[in-house]
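Based on these hints, arrange chain B on the given structure of chain A.
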Amino acid sequence: MGIELQNITKKFTGYTALDNISLNIASGELIALLGPSGCGKTTLLRIIAGLETADSGKIILEGKDTTNLPPREKNVGFVFQHYALFRRLNVYENVAFGLKVLPRSKRPSKSEIKDRVEHLLKLVQMDWALKRYPSQLSGGQRQRVALARALAVNPRVLLLDEPFSALDAKVRQELRRWLRKLHDEIHVTSIFVTHDQEEALELADRIVVINKGNIEQLGTPQEVYDHPANAFVYNFLGNVNVFHGRVHEGMVTLGGHTVDAPDELKSTAGTTSQTFVRPHEIGISKIKSEGNDLAGTVREIRLLGGQIGLNIDCEGFEQPIDAEIPRELYLNLQIKKGDTVFVTFNKVKVFTDDYAI
Amino acid sequence: MLKPEPLQSNPPVARKKISDPVPVQILLIGLTLLFFIGFVFLPLGLVFSQAFQKGWEFYLEAIKEPYTIEAVKLTLTTVAIVVPLNAFFGVSAAWAITKFSFPGKAALKTLLDLPFAVSPVIAGLIFVLLLGSRTPFGSWLGEQGIKIIFSTPGIVIATLFVTFPFVARELIPLMEAQGRDEEEAALTLGARGWQIFGKITLPNIRWGLLYGMILCSARAIGEFGAVSVVSGHIRGQTNTIPLHVEILYSEYNFTASFAVASLLVFLALTTVIVKAVMENRFQKNSSQH
Chain A
1 MGIELQNITK KFTGYTALDN ISLNIASGEL IALLGPSGCG KTTLLRIIAG LETADSGKII
61 LEGKDTTNLP PREKNVGFVF QHYALFRRLN VYENVAFGLK VLPRSKRPSK SEIKDRVEHL
121 LKLVQMDWAL KRYPSQLSGG QRQRVALARA LAVNPRVLLL DEPFSALDAK VRQELRRWLR
181 KLHDEIHVTS IFVTHDQEEA LELADRIVVI NKGNIEQLGT PQEVYDHPAN AFVYNFLGNV
241 NVFHGRVHEG MVTLGGHTVD APDELKSTAG TTSQTFVRPH EIGISKIKSE GNDLAGTVRE
301 IRLLGGQIGL NIDCEGFEQP IDAEIPRELY LNLQIKKGDT VFVTFNKVKV FTDDYAI
Chain B
1001 MLKPEPLQSN PPVARKKISD PVPVQILLIG LTLLFFIGFV FLPLGLVFSQ AFQKGWEFYL
1061 EAIKEPYTIE AVKLTLTTVA IVVPLNAFFG VSAAWAITKF SFPGKAALKT LLDLPFAVSP
1121 VIAGLIFVLL LGSRTPFGSW LGEQGIKIIF STPGIVIATL FVTFPFVARE LIPLMEAQGR
1181 DEEEAALTLG ARGWQIFGKI TLPNIRWGLL YGMILCSARA IGEFGAVSVV SGHIRGQTNT
1241 IPLHVEILYS EYNFTASFAV ASLLVFLALT TVIVKAVMEN RFQKNSSQH
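Residue numbers (the numbering used here), protein chains in the order written: chain A, 1 to 357; chain B, 1001 to 1289.
Just chain A, with the same shape it has in the complex (with noise of 0.2 Å):
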């Protein structure tokens, strides 16, 4: 086993930021951690780390445990958010520091650190760049070399809290599949810390998602996405329309629209229900067909990069609907702000309403 965390609580005052987390990570594996701002996560990772110290738990790395560990013997490698490389030192020195500063019996020869340092730096593409000072550089080149850093101590795990998003957009992709790519290449167990879905979908082997504390949900990013645990997940996950109605008979009513209720849901008549649809998962049609009848108004259309946004207002509907269609779909269907369209629900998710948003 990589990481064992068992019973994780952490207390600040006025909040519980971990409340009782368990969770075992296999060696090799790279893990996401994924929730919104302020749900812990961040402080689950300082703590595996030791930079912080939890309440209560026991934390097992590789085999050891390393609960009341001081940092320095924990072995952990760990990427800050904003990078963190120390300003006076250059990118070689920064990638030695960690070899520097053990132990004089423990420390490798001059010429070994060297070789150490200059193989990860070929690792991570930044061999070109050894004298120069982090000010010097990109902010994707800094978490490189931060990366590097964390990994030349030969860490038992790595922890990446939030790694890429001081980035910007296209670096912020590239340097994503680049990590993943590494991460197949080199094959320590890895977590990261992030509050970007799709990160996590693209990058993890699996995803843990947490909120106000608390695991809600883990699995591969197929079985997270397609199969949410719950109406957070499910929102947290993409874009989504929600609509709220109540379980009657077996069936949600949506505006003058009619849903199947989710088994476990049909008994419980009156039950007032959360209905969720991602916008890509509705069917636009400028002809009304059967199971077809739900006419709307656009509102308005947007460009978003390969999909053509619609914004549409349906009779019986609180909040105008969001869908999203294949750019040739649109123009094969010559949609113009005013025109009418048929709107299809093809996937519905329907959770009861605990669930606070």
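Hint data in this document are derived by calculation from the structure and do not stem from the laboratory.
Quantities reported herein were computed from a predicted structural model and do not represent experimental measurements.
Cβ coordinates follow ideal geometry from the N, Cα and C atoms, glycine included.
The hints are all genuine.
So the derived list for chain B, only partly shown, Cβ under 7 Å to chain A, looks like this:
no., residue
1, Glu1184
2, Ala1185
3, Leu1187
4, Thr1188
5, Leu1189
6, Ala1191
7, Ile1200
8, Pro1203
Below, simulated DSS-like cross-link-like pairs (lysine-lysine); rule was C-alpha separation at most 27 Å, straight line:
no., chain 1, residue 1, chain 2, residue 2
9, A, Lys64, A, Lys106
10, B, Lys1099, B, Lys1199
11, B, Lys1199, B, Lys1275
12, A, Lys114, A, Lys131
13, B, Lys1105, A, Lys11
14, B, Lys1199, A, Lys122
15, A, Lys106, A, Lys122
16, A, Lys336, A, Lys288
17, B, Lys1073, B, Lys1147
18, B, Lys1199, A, Lys110
19, B, Lys1199, A, Lys100
20, A, Lys106, B, Lys1199
21, A, Lys100, A, Lys64
22, A, Lys131, B, Lys1199
23, A, Lys212, A, Lys11
24, A, Lys100, B, Lys1099
25, A, Lys100, A, Lys131
26, B, Lys1199, A, Lys114
27, A, Lys11, B, Lys1099
28, A, Lys349, A, Lys286
For chain B alone, kept in the frame of chain A given last:
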């Protein structure tokens, strides 16, 4: 909005320089200059013209006089003790305030400024009341053969108190801005406390620290009020340069008094120049993020 429109760059707005009207500029610059002439250049010029009134030889004689040399020695000794100690206290205070959170932190931060707020004379009196030979502690010390008030240790202590805030006040904003990230990174990389301090923290604050130490030296050299109360004005023993200037002046020995005063001016100018050079480097370094 759908049809991809050609990207429009912002229309070129003629950039008008926003500045105050010329008469206001002239007025402000003129006022500043006038103030400088009246309150800085003129007095400084007077000090030197008075000092050299009786000629170069008299000037040298006044400075070579044994009591003057003793005063210079005492002042430099005080500075040599006070500045390193306050650098140490200042770094530890700034470290404690910026890197840890503990109850009473805000109060401590406010109290740091106390030595600036309290009149130096009062600061001196505090130590006379605390350590004077008529107090229990002072008389006990006297029995052990240790004399503090009316002696060099008293001067050092009073100067320490008065100049304490300089280093800490310089470092606190700097260390607050730098945050704890680098120290935490060093910690996870396996560094020990003294390694983190020596390799990360100290290099990051060194210009601020030096700058604080220069301000501290300048004040320690020139301190009059607090030192005057605890020194006892014993010529050749407990007279610092500023006290010696005052004594000479009150004996109507104006020329000698100004000659010694010109030494103070030289020391002050030196620190100001060093400070300017530092400031230049300090800014260059801290803008390098």
